[in-house]
Amino acid sequence: MRMRDAPTIALLCAIVLFASPGMALAADTAACSEGGYFSRGLGYGSDIWSGHRHGARAVLQDQNLHLCTSPRVGEGSASTAWVAIEGNIAGYSPWNIVQVGIGKCRTASGCSTTMHDIWSVGWVEGTPGCSGWGTLVPSPHTTAFYSGGHRFTVTQISSNKTYRLSSYQYVRDEDVCWTNNFVEIFNETWDKGDALGGYVGNHFWFTQMEFQETFGGSWRDLAGLCNDRWREDGGTLESIFKCRSEGTGAISTWTDR
Amino acid sequence: VKSIVRSPRVALIVALLGVAGVSSVLAANETFGGVEPPDVCAASEAHAPLVADLTLPSARLLWDHFPDLGRPPLLTEMGGPIRVVAFSGARDGVPIVARPGTSTPPLVNVVCIVDPDGEEWYFNNVPLDSYRP
Chain E
1 MRMRDAPTIA LLCAIVLFAS PGMALAADTA ACSEGGYFSR GLGYGSDIWS GHRHGARAVL
61 QDQNLHLCTS PRVGEGSAST AWVAIEGNIA GYSPWNIVQV GIGKCRTASG CSTTMHDIWS
121 VGWVEGTPGC SGWGTLVPSP HTTAFYSGGH RFTVTQISSN KTYRLSSYQY VRDEDVCWTN
181 NFVEIFNETW DKGDALGGYV GNHFWFTQME FQETFGGSWR DLAGLCNDRW REDGGTLESI
241 FKCRSEGTGA ISTWTDR
Chain L
1 VKSIVRSPRV ALIVALLGVA GVSSVLAANE TFGGVEPPDV CAASEAHAPL VADLTLPSAR
61 LLWDHFPDLG RPPLLTEMGG PIRVVAFSGA RDGVPIVARP GTSTPPLVNV VCIVDPDGEE
121 WYFNNVPLDS YRP
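Top to bottom, those sequences are chains E and L. The numbering used here applies: residue 1 is where the first sequence begins, and numbers increase by one. The numbering used here applies: residue 1 is where the second sequence begins, and numbers increase by one.
Watch out, some of these pointers could steer you wrong.
[To be verified] So these bits of chain L aren't anywhere near chain E, every CB distance computed over 10 Å:
#, residue
1, Pro57
2, Asp64
3, Leu69
4, Pro116
5, Asn124
[What the hints assert, rightly or not] Residues on chain L that point at chain E, a partial pick, calculated with CB under 10 Å:
#, residue
6, Pro73
7, Glu77
8, Tyr122
9, Arg132
Because the hints were derived from the structure by calculation, they are not lab data. Quantities reported herein were computed from a predicted structural model and do not represent experimental measurements. By construction, the Cβ of each residue, glycine as well, lies at the ideal position given by its N, Cα and C atoms.
Only chain L is shown next, with the shape it has when bound in the complex (with noise of 0.2 Å):
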């Protein structure tokens, strides 16, 4: 093995699969990094039909449009403006969070809200058949 890696050949072999190497490692790190995500409403585009996108100056006006959605402390004293955009039957266009013995349904409404300080939220199984345009 000594004569080999001698070898002017040989060594130039090594040197290419050390730079492979090191190229493996930046693609395993680094090939996507600081490219910013789309937002997860476009996400839940690719997966379903959009319902509603709207900008309210309120968030208490949600329910005007949304009377089916839930009514937590997070939403009823969000402020505004917000956005809203809702999908029919997404595939969770969320990231999912399930354990042992739970099944999350595949197809599910998906209610998407940014809030004044641009942070986003999703609702899923929201009833949809009740929005209002």
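So here's chain E without its partners, still in its complex pose (with noise of 0.2 Å):
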């Protein structure tokens, strides 16, 4: 009897571990492996590298983003989503940025390891306008709420470079020493094991992607692409990490190991 049924127990058992809402979950994630701040990006970047940006939007959908398993003391590990003006000029560092969006992550300070709303603002020694600065990193600080779902907003709001971070933050312009010239909303990543956006059975979405291309202009409908896909080592993004356009000013991002 218990030979006899053994083969259809077992798929009984596999039909049950393939339908599992749990299994799913967990195919996103596999065990912390690289230390933390290996940063990788998914997402949409703007095709131009020259003009300005002065806004950039869209809504971030609620969604529990998910860190690598197991990590060891000390080890950085982070999924996030974020809406980005960026002062990426060619040649010089993309860390010219303010951003604004939610996440998660461990070991750096000014993150949690819940979702929370996050943003960060950084420069670059060198890039013109810099000059004397230093580099500011930039890194997560991490507010008190939450509100995934709903629209984020990076805006500039006077002719200087004064920012507004959704409606809780701002940047000064005599903090930012960059040009802007780009527009990113992205997903990002600091471990190999970190899932970057969602998962198989329920994409991480990026909808009404919008941008300014004139300072206090109309909001514009973005290309709902997938061009952006990077390494911090400038290496080719591991294919296990997906986007999909969803139409214009719509792209899906997963994760399927």
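Please assemble the complex out of the two chains, which come individually in their own frames, going by the hints.
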């Protein structure tokens, strides 16, 4: 009896495992393996390297992003989603950035292992306009709240360089030395084991992706393109990290291990 | 399959698998939730030698100790007191944001500054040879 039924039981077990939501969730993460802070990104980036981008906004889906498992002491990891304006001048570091979004991370100060709204600003010594500033590495500053599912906005609010990040944070013009010319809307992680975006059964969605080409101008749709895939070392982003155009102004991202 | 489903043993197996599935959900979402991470200075310490750990009554004194640190408004107008922790050759004890075609040096100096509001700011590639205790 036991032997005769074993294949059927095995089949049933396989079906249960396959159908289990828990298994689907577990499949988007893996053990932490890189010591932390090795960043990867996936999403949309401006395809221009001249002109200005004065505002960017998008609705970031309310989703609990996932971190890698079994971290060693001091090992960093993160899973975030951002809307950003950058002074991403060719030949200079993309650390010239103001960004706002949602996410979680381990180890780095100013972040939390539960989902929060986050923001950041950075600049790089040597970028035109930034001489004598040193280099401020953009790192997440965590707010006391979480508003996933809502629109996140980075907007230049004056003719100089003061930016408003959603409705709660300002980056003063005195603290922006670079010139805006780039929009980026993307997921970011710090460890290969982190989930970049959602997972197979539940993609992470960016919708209503828009930008301002002129200061104070109207909002225009961004193309729903997955043209931004990067690793910190300039290598090719692993194929398990997926992105799909969902029509004008929308993309979805997920990790498929 | 139907006859198997009626078996109490298989029902038990299914129940156990169901519990395992729930456990997986919790592991993926909550295992580390609620555990506050150490600050970035501690993270840097895991990677690099400590150069300085100072508390200054005013940010204006920063350049007495770090003459080669940049002077952006964010720092020159910071006020005090501030805490300054510097590491040499950290593996970027901060989140790295890079893009295609760029490469971040694996070893850089890091200066971590905690402002009067408790916000932390990280400067890298700071020349520390001129550090004055």
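Taking the hints in turn, this is what the structure says about them:
no.	hint	in the structure
1	Pro57	holds, 22 Å
2	Asp64	holds, 16 Å
3	Leu69	violated, 6 Å
4	Pro116	holds, 15 Å
5	Asn124	violated, 5 Å
6	Pro73	holds, 4 Å
7	Glu77	holds, 8 Å
8	Tyr122	holds, 5 Å
9	Arg132	violated, 17 Å
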